[in-house]
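Asker: Quick note, the sequences are listed as chains A and B, same order. Sequential numbering from 2 applies to the first sequence in the working numbering. Sequential numbering from 159 applies to the second sequence in the working numbering.
What the hints contain is simulated information worked out from the structure, not anything from laboratory work. Among the hints, a few may not be true.
[To be verified] Label pairs and their in silico Cβ distance ranges:
#1 B:GLU372 to A:ASP67: 29 to 35 Å
#2 B:LYS476 to A:GLU263: 15 to 21 Å
#3 A:TYR192 to B:THR344: 35 to 41 Å
#4 B:GLU287 to A:LYS24: 22 to 28 Å
#5 A:PHE235 to B:LYS477: 36 to 42 Å
#6 A:PRO66 to B:ALA160: 35 to 41 Å
Think of the CB as a built atom: it goes at the ideal place given N, C-alpha and C, for glycine as much as any other residue.
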Amino acid sequence: MNIIVLMKQVPDTEAPVEIAASKDRLDDEDIKWAINPYDEFALEEALLIKEAGDDVTVTVITVGPDRVSEAIRVAYAMGVDNAIHINDEYDDEAYGAADAYTTAKIIAKVLEDTPHDLIIAGNRAVDDDNYQVPAFIAKQCNLPMIALVTKQTIEGSEITCEQSIDGGTAVVKASLPAIITANKGLNEPRYPAFRAIMKAKKKKVDERELDEIGFDPETLGAAGAKVKIRSLEFPPERAEGKRIEGSSPAEKAAELVKLLREEANVI
Amino acid sequence: MAKDVMIVTEIWNDAFRKISLEALSEGRRLADELGSSLTAVVLGDAVEAHAKTLAEYGADTILMAQDPGLKTFRPCEYENVVAGIIGDQAPGIVIFGATRQGRELSACVAARLNAGLAVECTGFALEEERLVATRFMYGGKVIATVDIDGDIQMASIRPNVFEVTKADGAGKLESVAVDLGEVNVTLIEEKIEMSAKAELTEADYIVSGGRGMESDDFSVLEELADVLGGAVGASRNAVDLGWRPQSDQVGQTGKVVSPKLYIACGISGAMQHVAGMSTSNVIVAINNDPDALIFRAADYCIVDDLFEVVPAITAELKK
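Hey, can you work out the whole structure from these sequences and the hints?
Answerer: What follows is the structure, given as structure tokens:
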């Protein structure tokens with residue numbers, strides 16, 4: 002069985018970000034990068050299936066500039082078999098502004114000649130929070146999609162999943178090949194040792210350029226995006242908070258309630 | 159003439175979700191500015207009694223898609239029906255609520271129609287009859303202004319950001335023929351618990367707990383949330399420690415909330431948590447560590463033992 006994991010490298014959620022001078026993207030320079038947390042669940046699940054079964058191959062596909070090789074090394078150290086890196090850094094201008102649509106278009110194209118029985122993706126990327134790449138791929142590759150999966154079992158050519166829904170869970174099934182998206186709760190991702198990550202440097206990565214896979218780069222990135230970033234700005238800063246003093250917790254509570262009622266008008 | 163504005167609504171627990179009314183109110187404003195008409199789409203088993211109330215929120219046309227197969231949200235069936243309606247009606251703008259359902263449905267419909275979709279928007283403007291949206295990115299660290307390409311501009315809105323305003327709409331009720339279409343995911347079982355309590359993202363008041371709660375006993379927070387008529391949230395730490403379900407998690411890898419009042423109790427204030435609540439109207443932080451980062455994000459700060467302060471707030475509110 003061939004499992005594909007879709008992985009994205011995103012700014013670490015605890016790291017501050019800077020806006021580039023062009024205003025339409027982040028300044029890449031000093032960002033600390035990490036694997037999208039939901040993609041870690043996807044990677045782990047693929048590896049669990051591999052470890053429990055016979056003849057399972059796990060291939061990670063990622064789209065991004067040169068720096069993505071760091072994330073690929075981590076995926077290799079976790080235990081994936083192959084990595085395909087589509088490098089979309091053909092030109093500084095275009096890369097930063099790719100959207101879910103252009104990214105999915107690239108991945109769908111690569112999937113045309115990459116065997117896949119099951120595709121696992123994170124349910125969203127925590128950088129642009131678009132929630133759209135898996136849905137676009139499902140449509141373009143004509144695959145069933147099961148979102149927000151917290152448990153899966155494969156029997157023969159069918160996958161049965163538990164998924165998070167409003168107010169609870171649903172159990173659904175679909176025929177393979179299919180695409181599922183990972184939710185928190187699916188598993189506990191393993192963290193590879195530093196040595197394993199260093200060793201992974203030697204692993205071969207299937208590097209592809211956009212024109213090699215049959216795209217005119219001019220139709221992707223900012224030019225091909227359906228949702229185009231015009232400008233980025235920082236949200237207005239909150240004024241410094243008021244420290245509520247009092248000689249006892251009860252006094253502080255009374256003062257807070259008074260302020261919430263009379264100053265903030267929220268209760 | 160400008161094309162219509164369409165809102166895809168959502169019924170939950172036998173009533174419209176508040177976000178659907180927020181979307182309608184904003185849709186009315188956009189339709190007025192465009193000089194076009196506002197259409198609401200209502201899906202479900204039997205929805206007429208609910209559907210007709212939407213005229214009060216400015217809907218000119220209310221399209222009802224009724225079928226037993228639409229009783230609860232099924233992604234394929236809903237996608238087929240909504241894509242069909244959009245194909246027939248050819249609206250210029252389609253807006254969803256960014257709920258669990260709205261996120262998946264909007265993504266599937268956008269993919270089907272090859273339309274641009276701006277997710278979880280917090281503001282809209284019109285420029286030459288085209289929708290321009292603002293939305294948060296990078297876990298709330300940055301606000302983006304985005305253009306949406308194509309004949310159909312799709313967007314979803316973040317809960318609790320747009321105001322609900324009543325407006326008179328023509329309220330013409332129409333039933334549409336329902337074809338559930340091709341379905342490639344089969345439902346085996348659904349376990350849904352309808353709670354009378356507000357869903358976290360729609361709650362006006364949220365009381366959240368973190369590592370400072372010291373155990374899974376969140377009763378002091380629950381009591382305060384009950385008095386306020388709100389919901390209880392949790393930090394990633396509290397969820398990872400198994401004290402609260404994942405559905406309660408507020409933050410960049412959980413839910414993004416914008417209540418009127420957010421009370422953070424025993425939460426350190428990691429960036430990924432603040433990302434999930436920084437658009438709250440008023441933020442209160444209670445923590446016994448005077449240097450906790452959470453105080454930088456708060457409007458009102460209390461340095462003290464939450465197990466004493468929180469019950470005192472509850473008592474004060476009951477007075």
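Asker: Now tell me, hint by hint, if it's right for this structure.
Answerer: Each hint, compared with the structure:
no. : hint                             : result
1   : B:GLU372 to A:ASP67: 29 to 35 Å  : violated (45 Å)
2   : B:LYS476 to A:GLU263: 15 to 21 Å : holds (18 Å)
3   : A:TYR192 to B:THR344: 35 to 41 Å : holds (36 Å)
4   : B:GLU287 to A:LYS24: 22 to 28 Å  : holds (25 Å)
5   : A:PHE235 to B:LYS477: 36 to 42 Å : holds (41 Å)
6   : A:PRO66 to B:ALA160: 35 to 41 Å  : holds (40 Å)
Checked against the numbered hints above, the structure violates only hint 1.
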